[in-house]
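2 protein chains.
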Amino acid sequence: MRSEELGETLLPKRLALPIFASDPLSSVAYATEEILLVLTVGGTAFLYLTPWIAAGVVLLMAVVVTSYRQVVRAYPSGGGSYEVVTTNLGPNAGLVVAASLLVDYVMTVAVSVASGVDNIISAFPSISAARVPMAVGFVVLLSAMNLRGVREAGRAFAAPTYLFIFGIVLMIVTGFVKMLFGHTPVASSAQYAVIPVDHKDTLAGLGLLMLCLRAFASGCTALTGVESISNGVPAFRKPKSKNAATTMSAMGITAVLMFVGITALALIAKVHKTDDTCRLANYPGDCHTTSQPTVIAQLASSIFGGDHSVLFYFIQAVTALVLILAANTAFNGFPLLSSILAQHRYLPRQLHTRGDRLAFSNGIIALAVVNIALLVAYKADVTNLIHLYILGVFTSFTLSQIGMVKHWNRLLATETDTKVRGSAKRSRIINGFGAGFTGLVLVIVMITKFTEGAWLAVVAAVLLFGMMRGIRKHYDAVAEELAVEDLKAESVRPSKVHAIVLVSTLHKPTLRALGYAQAFRPDILEAVTVAVEKDSTQDLQEKWAESEIQVPLKVLDSPFREITKPVVGYVRSIRRTSPREAVAVFIPEYVVGHWWEHLLHNQSALWLKSRLLFTPGVMVISVPWQLTSSTRADRPARRAPGSVRRGEPAGNLDPTEPEKAVHSGSA
Amino acid sequence: MRSEELGETLLPKRLALPIFASDPLSSVAYATEEILLVLTVGGTAFLYLTPWIAAGVVLLMAVVVTSYRQVVRAYPSGGGSYEVVTTNLGPNAGLVVAASLLVDYVMTVAVSVASGVDNIISAFPSISAARVPMAVGFVVLLSAMNLRGVREAGRAFAAPTYLFIFGIVLMIVTGFVKMLFGHTPVASSAQYAVIPVDHKDTLAGLGLLMLCLRAFASGCTALTGVESISNGVPAFRKPKSKNAATTMSAMGITAVLMFVGITALALIAKVHKTDDTCRLANYPGDCHTTSQPTVIAQLASSIFGGDHSVLFYFIQAVTALVLILAANTAFNGFPLLSSILAQHRYLPRQLHTRGDRLAFSNGIIALAVVNIALLVAYKADVTNLIHLYILGVFTSFTLSQIGMVKHWNRLLATETDTKVRGSAKRSRIINGFGAGFTGLVLVIVMITKFTEGAWLAVVAAVLLFGMMRGIRKHYDAVAEELAVEDLKAESVRPSKVHAIVLVSTLHKPTLRALGYAQAFRPDILEAVTVAVEKDSTQDLQEKWAESEIQVPLKVLDSPFREITKPVVGYVRSIRRTSPREAVAVFIPEYVVGHWWEHLLHNQSALWLKSRLLFTPGVMVISVPWQLTSSTRADRPARRAPGSVRRGEPAGNLDPTEPEKAVHSGSA
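From first to last, the protein sequence lines are chains A and B. Those letters in the first sequence? Residues 1 to 667, by the UniProt record's numbering. Those letters in the second sequence? Residues 1 to 667, by the UniProt record's numbering.
Just so you know, these hints were derived from the structure itself, not from any lab. Honestly, I wouldn't trust all of these hints.
Any copy, or any two copies together, can satisfy a pair, since identical chains are not distinguished.
As the list claims (entries may be wrong) - The calculated DSSO-like cross-link candidates involving lysine-lysine, where the alpha carbons are at most 27 Å apart (straight line), are:
no.	residue 1	residue 2
1	LYS488	LYS508
2	LYS200	LYS178
3	LYS200	LYS496
4	LYS534	LYS473
5	LYS238	LYS379
6	LYS238	LYS419
7	LYS534	LYS238
8	LYS240	LYS534
9	LYS238	LYS554
10	LYS508	LYS473
11	LYS425	LYS406
12	LYS543	LYS488
13	LYS488	LYS554
Just so it is clear, the structure is predicted and the values come from calculations on it, not from any experiment.
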């Protein structure tokens with residue numbers, strides 16, 4: 001029954017495509033634009049190069065998709081590039097990929113949100129002043145949603161991607177059909193001549209080559225997010241690998257069709273888009289503050305009959321929506337990768353177990369904070385943010401393809417079946433070509449983008465790499481220190497147990513702690529109180545004497561209203577007198593339900609407990625008393641972000657026992 | 001020996017004066033100015049009223065100081081106004097005073113820092129644009145100092161106050177001596193005619209009265225901080241009350257002399273200071289952005305020979321310093337009052353015990369955050385901030401004087417000794433007059449300042465009042481729930497103890513926990529592991545079988561990598577089967593030294609522990625294993641802010657056992 005339950009939560013291809021592909025597909029919303037922005041530095045002189053650059057991007061897309069179909073088949077566990085590289089090229093190369101991917105997730109949010117906002121502003125130019133606040137608002141919204149544990153799966157999340165595909169395809173088809181009937185679409189910006197930068201329209205030789213390479217590097221943003229399916233194989237229905245590979249191809253074909261269609265129409269409709277509005281001759285408004293509509297917006301407007309047609313708003317809405325959805329995928333992918341890294345002890349271990357929501361929440365908040373900083377610093381400008389983005393993408397592409405080549409080499413070294421060998425050899429050629437091509441692109445991106453901002457991504461990745469190495473080193477050192485050398489020698493049992501029950505007043509939690517301590521029948525048992533307030537101590541002593549409690553009460557002096565020091569001092573004095581005895585300190589606590597109640601109950605017991613833990617030979621025993629308010633704290637369990645991608649089931653395992661928000665105070 | 005130690009840390013009068021009086025004495029740096037700012041709305045027409053208003057302030061100062069000498073004698077425990085009012089007028093009136101005082105502490109920081117920065121800018125006008133950042137910087141500096149636990153006492157803290165007194169007295173004497181020789185000082189602003197606001201120079205009747213009252217209310221800022229000595233009586237040497245009363249008088253006389261001197265010289269030197277620089281005719285620079293030098297700066301400049309004389313810089317330096325020091329007193333007074341309120345269960349209990357640094361740190365951070373917000377919102381403008389300040393001061397003055405009247409009434413009701421009765425009757429007259437006078441001032445302040453910002457202080461005080469009442473109510477409810485009705489019935493001892501040792505791997509902490517559990521000889525003992533990772537669970541089972549550990553190992557299933565749920569479920573199943581058994585869960589933990597190490601070690605054990613505390617019939621037993629890094633965590637104890645004022649000793653009680661920074665992880 002449980003595995004059936006699991007099966008139900010796995011994703012059919014029709015749901016997996018939108019969930020994993022919103023990120024790569026949404027990239028086509030800005031890829032064409034980025035190519036044009038580079039080429040128009042030479043006015044309209046070099047726009048004729050666009051088809052060639054687009055062809056390069058399409059070829060690259062085909063190579064990368066084919067290569068990742070191999071990854072999905074060979075590594076179905078969902079580790080993606082990180083797993084491929086770690087297995088085949090060793091842990092350090094794997095860590096480089098991991099660091100790049102972590103940076104990528106951050107940039108996915110920033111770029112997607114910025115582009116989404118750009119498309120909203122293209123529809124409603126009057127709110128262009130609110131660009132940065134809107135972008136920040138979306139990041140806050142996404143993190144709030146993920147902190148509350150909104151599930152990623154389901155139709156609500158699938159619909160925008162399909163609507164986006166439908167809208168863009170409709171636009172492309174309509175555009176070409178209109179052309180057939182002689183109504184060639186004309187973009188609103190076609191009327192403005194483009195002023196070239198510093199005679200860049202006369203570029204030739206090396207200068208022209210560099211321009212092409214820069215345009216190509218910018219166009220490569222179409223490939224961001226392509227690897228996401230390879231991280232989600234466990235979430236697919238069986239046969240997992242085959243379904244994932246099919247979805248991969250479907251995604252690739254859709255992306256290529258949309259990218260080619262948009263690029264072709266942008267050229268046909270003569271979209272003139274520049275990085276600096278002042279280079280558009282006679283552009284209305286103050287060119288220093290006016291932004292240009294996105295390429296998608298210009299096409300939709302020219303094809304669907306102007307800036308106020310219903311279909312224009314529809315295209316802008318679904319484009320913005322799919323981009324925001326793409327940003328959301330990072331909020332799900334980030335904890336997933338963190339969890340795998342934590343399993344390998346490169347990140348704090350608590351990120352591994354699903355149970356710890358705090359860790360996930362911290363991850364989400366960190367992602368949000370970094371993104372808000374980026375969006376504010378770069379004024380939510382897509383082009384500037386993209387410079388930081390693609391370097392990491394191609395680092396992981398290249399390394400994973402090299403890893404795959406090694407994978408096939410290793411397989412071929414032992415495999416004898418000629419059919420398998422043949423298939424492996426074909427795969428090796430594919431991945432070898434992929435490695436060469438993506439490696440070349442990596443070099444191109446490095447050369448053309450480094451000084452434009454990519455250096456910052458490199459610095460961030462290097463810092464992450466160093467941090468993860470350090471964490472692993474620490475965990476290894478602790479494991480070594482804790483390792484058992486001689487089981488017999490290490491298993492010494494204390495000769496006696498000296499039990500102490502800490503008492504502040506004679507209330508129910510105290511009585512329970514006394515009862516539990518007595519049930520243990522320790523060798524020595526005494527109650528201990530710290531004389532913080534003279535009056536209340538005397539009062540306690542009197543009540544104690546009147547009662548028929550058999551346990552003697554010891555009073556510790558504390559001239560300066562301190563609790564911790566006298567108790568720790570007393571425990572140490574016991575250990576000094578009889579070093580082979582273990583001291584068991586019973587602490588009566590009471591458990592409350594609301595977080596604010598927690599703030600009101602004595603934190604100094606928490607401090608005392610942690611101080612006692614530093615003392616060798618001590619056990620710290622919490623005896624809880626549940627206040628009635630503690631039962632009010634029932635709260636349904638939340639899902640951790642990324643659980644859909646991991647193929648984990650929905651809801652609680654045991655619906656009769658909801659998780660509780662837990663806060664404990666002490667008596 | 002310990003009491004000798006205590007005696008040494010108590011303050012002689014020569015140190016107590018500067019420590020407690022920096023706040024009231026520094027008020028004279030802005031009191032004269034605030035009177036002038038109000039009167040100059042009528043141009044120079046009403047400056048002739050200044051001596052009368054100043055006389056009112058001096059009379060008020062005499063009354064308040066005399067009244068507080070009574071408080072110091074009757075309530076030597078340092079509770080100050082709060083104690084007087086609570087004892088005599090009941091807890092609700094006491095809470096009103098407490099809320100007012102808490103608001104006051106906040107405003108002391110804001111006003112003093114703003115005025116300090118004002119005096120720095122008067123010396124270096126070129127940095128006037130940095131007013132707000134400088135003010136914020138000082139707040140950050142003060143909180144950092146207090147977070148690090150810098151001691152308040154000592155010569156470094158006493159010197160600025162004496163230097164300030166010396167500087168101001170020197171300036172006043174020099175000014176008058178120069179006058180005797182015919183060189184009457186002339187302020188730099190004397191040359192600018194003051195343009196009255198809307199014909200306010202022709203005010204008469206009620207309008208003129210209101211102007212006088214507003215000027216008087218503003219001048220009353222000279223009294224802020226006067227009560228501080230009454231909160232610090234325990235820090236004085238014996239005879240405490242007498243010494244405190246003497247210091248009180250010395251402070252009052254000094255304050256009056258300085259205030260009168262400054263006010264007289266300001267009139268003689270014709271200091272023209274307006275709330276709006278544009279009302280100074282022909283003032284150089286853009287009047288919208290140029291600020292005027294402080295009254296102190298104008299006097300120092302005119303008396304000591306210009307803006308670049310050494311003595312001018314000296315006066316500005318000591319004035320700024322004493323103001324910053326006054327702000328620091330709030331960082332010490334705030335935790336002190338909080339501690340008393342916590343003792344009365346109006347604030348979280350952890351604020352009461354000195355040991356809890358976290359609580360003090362939170363208080364300091366809260367104080368800093370609120371002040372930064374205020375300084376930014378009010379652009380560090382002294383005058384605007386002062387509107388929020390004096391209402392709270394006079395609320396506590398008035399209520400405490402009424403309380404004192406009640407105190408003497410109560411005493412006179414039983415006292416028969418005629419000498420004592422006579423003295424009490426005289427005291428009653430003093431306090432009765434004080435109550436009437438300060439009550440009148442309270443009404444004046446309320447009328448003249450409410451709409452100018454004082455309403456915000458009222459709102460804050462009301463919120464604090466409500467919060468404190470709520471906290472007290474909660475504590476009372478918990479105490480009632482925990483109270484023992486029937487000692488016999490409540491002291492039930494469990495029939496058996498079922499002990500569980502949680503095991504993840506077979507390392508040293510596990511072996512220690514097993515040994516300790518065995519030493520307790522529980523009725524049932526078993527080791528339990530959660531099968532999170534299949535491989536490692538199998539590995540553990542094999543090792544366990546090989547070893548000669550006598551305790552059986554039970555494996556709990558966990559299909560979703562969760563630890564908490566299976567363990568809690570198992571514990572509950574034991575309780576269901578045998579409700580009279582207590583379940584003891586032993587958790588092996590390891591203790592690390594650095595805070596960052598703490599982040600790396602499994603927080604999920606912390607979560608498990610708090611979840612277990614919700615389960616009735618359970619004991620949670622931490623068995624610590626100290627890693628070598630844990631010994632590196634030695635750190636000397638820090639003093640809590642306000643400890644000097646409380647009369648607590650310096651340093652550690654036991655210098656051989658320094659406090660440690662404690663962080664614990666779990667295995």
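Here's how the hints hold up against the structure:
| no. | hint | in the structure |
| --- | --- | --- |
| 1 | LYS488 with LYS508 | between (42 Å within a copy, 11 Å between copies) |
| 2 | LYS200 with LYS178 | neither (35 Å within a copy, 76 Å between copies) |
| 3 | LYS200 with LYS496 | neither (88 Å within a copy, 89 Å between copies) |
| 4 | LYS534 with LYS473 | between (51 Å within a copy, 25 Å between copies) |
| 5 | LYS238 with LYS379 | neither (45 Å within a copy, 65 Å between copies) |
| 6 | LYS238 with LYS419 | within (24 Å within a copy, 101 Å between copies) |
| 7 | LYS534 with LYS238 | between (72 Å within a copy, 22 Å between copies) |
| 8 | LYS240 with LYS534 | between (71 Å within a copy, 22 Å between copies) |
| 9 | LYS238 with LYS554 | neither (67 Å within a copy, 34 Å between copies) |
| 10 | LYS508 with LYS473 | between (47 Å within a copy, 20 Å between copies) |
| 11 | LYS425 with LYS406 | within (12 Å within a copy, 100 Å between copies) |
| 12 | LYS543 with LYS488 | between (48 Å within a copy, 14 Å between copies) |
| 13 | LYS488 with LYS554 | between (37 Å within a copy, 22 Å between copies) |
This entry does not satisfy hints 2, 3, 5, 9, going by the numbered hints stated previously.
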